[in-house]
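There are 2 protein chains.
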Amino acid sequence: MNFLLTNDDGIYARGLSALYGELSQDAECLIVAPEAEQSAVGHAITLTRPLMVRRARKNGAFWGYAVSGTPADCVKVGIRELSQEPVDLVVSGINLGANVGINVIYSGTVSAATEGAILGVPAIAVSLDTRRDADFAFAARFARRMARFMLRENPLKNVPLNVNIPAVPEEEIKGVAVVKQGRARLMEIFERRTDPRDNIYYWLAGEPQLSEGEEEDTDMSRLQEGYITITPIYYDLTHYGALEKLRMSIGELKS
Amino acid sequence: MNFLLTNDDGIYARGLSALYGELSQDAECLIVAPEAEQSAVGHAITLTRPLMVRRARKNGAFWGYAVSGTPADCVKVGIRELSQEPVDLVVSGINLGANVGINVIYSGTVSAATEGAILGVPAIAVSLDTRRDADFAFAARFARRMARFMLRENPLKNVPLNVNIPAVPEEEIKGVAVVKQGRARLMEIFERRTDPRDNIYYWLAGEPQLSEGEEEDTDMSRLQEGYITITPIYYDLTHYGALEKLRMSIGELKS
Numbered sequence: 573m574n575f576l577l578t579n580d581d582g583i584y585a586r587g588l589s590a591l592y593g594e595l596s597q598d599a600e601c602l603i604v605a606p607e608a609e610q611s612a613v614g615h616a617i618t619l620t621r622p623l624m625v626r627r628a629r630k631n632g633a634f635w636g637y638a639v640s641g642t643p644a645d646c647v648k649v650g651i652r653e654l655s656q657e658p659v660d661l662v663v664s665g666i667n668l669g670a671n672v673g674i675n676v677i678y679s680g681t682v683s684a685a686t687e688g689a690i691l692g693v694p695a696i697a698v699s700l701d702t703r704r705d706a707d708f709a710f711a712a713r714f715a716r717r718m719a720r721f722m723l724r725e726n727p728l729k730n731v732p733l734n735v736n737i738p739a740v741p742e743e744e745i746k747g748v749a750v751v752k753q754g755r756a757r758l759m760e761i762f763e764r765r766t767d768p769r770d771n772i773y774y775w776l777a778g779e780p781q782l783s784e785g786e787e788e789d790t791d792m793s794r795l796q797e798g799y800i801t802i803t804p805i806y807y808d809l810t811h812y813g814a815l816e817k818l819r820m821s822i823g824e825l826k827s
Numbered sequence: 573m574n575f576l577l578t579n580d581d582g583i584y585a586r587g588l589s590a591l592y593g594e595l596s597q598d599a600e601c602l603i604v605a606p607e608a609e610q611s612a613v614g615h616a617i618t619l620t621r622p623l624m625v626r627r628a629r630k631n632g633a634f635w636g637y638a639v640s641g642t643p644a645d646c647v648k649v650g651i652r653e654l655s656q657e658p659v660d661l662v663v664s665g666i667n668l669g670a671n672v673g674i675n676v677i678y679s680g681t682v683s684a685a686t687e688g689a690i691l692g693v694p695a696i697a698v699s700l701d702t703r704r705d706a707d708f709a710f711a712a713r714f715a716r717r718m719a720r721f722m723l724r725e726n727p728l729k730n731v732p733l734n735v736n737i738p739a740v741p742e743e744e745i746k747g748v749a750v751v752k753q754g755r756a757r758l759m760e761i762f763e764r765r766t767d768p769r770d771n772i773y774y775w776l777a778g779e780p781q782l783s784e785g786e787e788e789d790t791d792m793s794r795l796q797e798g799y800i801t802i803t804p805i806y807y808d809l810t811h812y813g814a815l816e817k818l819r820m821s822i823g824e825l826k827s
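Those protein sequences? They're chains Y and V, same order as listed. Per this note's numbering, the first sequence starts with residue 573, numbered consecutively. Per this note's numbering, the second sequence starts with residue 573, numbered consecutively.
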């Protein structure tokens, strides 16, 4: 089997290294990852600049391809150009920080998995719910179980899965929950600052915080309760519930 | 009324100017747009760098705020910081080129409208189906009708609308169709090149081309037939159709 590994924290991130350590026991793993951190790039792709591709080394050996682009770029160029073999699975992560609720749409980690699915390759995104002192060991082992599941049991291979793992000791994990994306949204605050030349600039403060407005049985609520969450992702952005109502109301637009 | 105008082609793009010319007849219009072209940035937001905000001028007068970020950044900082009044409507565009099919997920134009909706503001994205020699006059007039529709008739104010307009003379437009997002996907080709120092790089060639795999009655098919298309957008990425099947198949993951 041939896996393509990527992330949005950059090619030397510890989460990617942990992922490689586990998955390379089951498959040939090609790393194609951003040269630099790409958090919150959403589903960006690079059209107006070239993608520089560098052979990155680690401990004196080839580690992977470092790409001057986004996670979605890495998956595109990895599948189309850099992998010598057809790719059986794309695995994105392990992200430092959960990707749940509305902020899934800002997630480079998840968009890499989505891009794999768009190109016809089964794909999972794996994130660990902590921002610091991360122990990726269990998350990486679970990613390996997820990879086997994707290729053997899963009836929905064309649906990318967004996996979030609590940052607690393994024995405290309550189970695995298949859940929808929550609706809790970002509570952002801009810091207004003055640069050395007296120009005003703004900086989105800290990490986005999830706010109220959350329902039950969502990715965020179950993750906070201690479950591993799995959310199937759809890249059709149509609001089907709105189609009919909108059709009935557009009379004046037709004139 | 107070409108926030943005785009992904940059603050001096002709499509934005055309939009302003029409909408400013009905409302106070504040322009907050990217300093530079931001095509295909998807729903990226800027966390790791500050957002520089410049008062941009045109013909000797204040034109709007130029932001060193993405369309979603512009909407966030525009609504939260730059607008002196509550924003009644976000209008993104007029984009040079259609935003239909799978490539909606790469669209900065559409993500700006989605960001407005996430922040609780009605929002539309408007795109014109041509890459060159664009005549934005009719599209801008239609955007004005859409803006009025959003604020008066539309029962779904919290649902952002993705509007695509054929680049044909007004009398050849066949009507207005409310349609789902199509599934035709990008057919990308990477050009492999060598830089002046013999390094390999890749460049995603030309504009993404929509390929086969298209159904009937979608944004792409109706637009090609000569209809103005309107697609309601949902930013819940859950694949609801996959939830149950996945729940039944994850037995081995729970052990």
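Be aware that a few hints might be false.
Pairs count within a copy or across copies, as identical chains cannot be separated in the list.
[Said to hold, decoys possible] Under the rule of at most 27 Å between Cα atoms (straight-line distance), these lysine-lysine pairs were calculated in the DSS-like manner: (1) 729 with 826; (2) 746 with 729; (3) 746 with 817; (4) 817 with 729; (5) 746 with 826; (6) 752 with 826; (7) 752 with 729.
In case anyone wonders, no lab produced these hints; they're calculated from the structure.
Okay, the hints, checked on the actual structure:
no.: 1; hint: 729 with 826; verdict: between (41 Å within a copy, 19 Å between copies)
no.: 2; hint: 746 with 729; verdict: within (26 Å within a copy, 40 Å between copies)
no.: 3; hint: 746 with 817; verdict: between (41 Å within a copy, 21 Å between copies)
no.: 4; hint: 817 with 729; verdict: between (33 Å within a copy, 11 Å between copies)
no.: 5; hint: 746 with 826; verdict: between (54 Å within a copy, 9 Å between copies)
no.: 6; hint: 752 with 826; verdict: between (36 Å within a copy, 18 Å between copies)
no.: 7; hint: 752 with 729; verdict: both (18 Å within a copy, 23 Å between copies)
No hint from the list above goes unmet by this structure.
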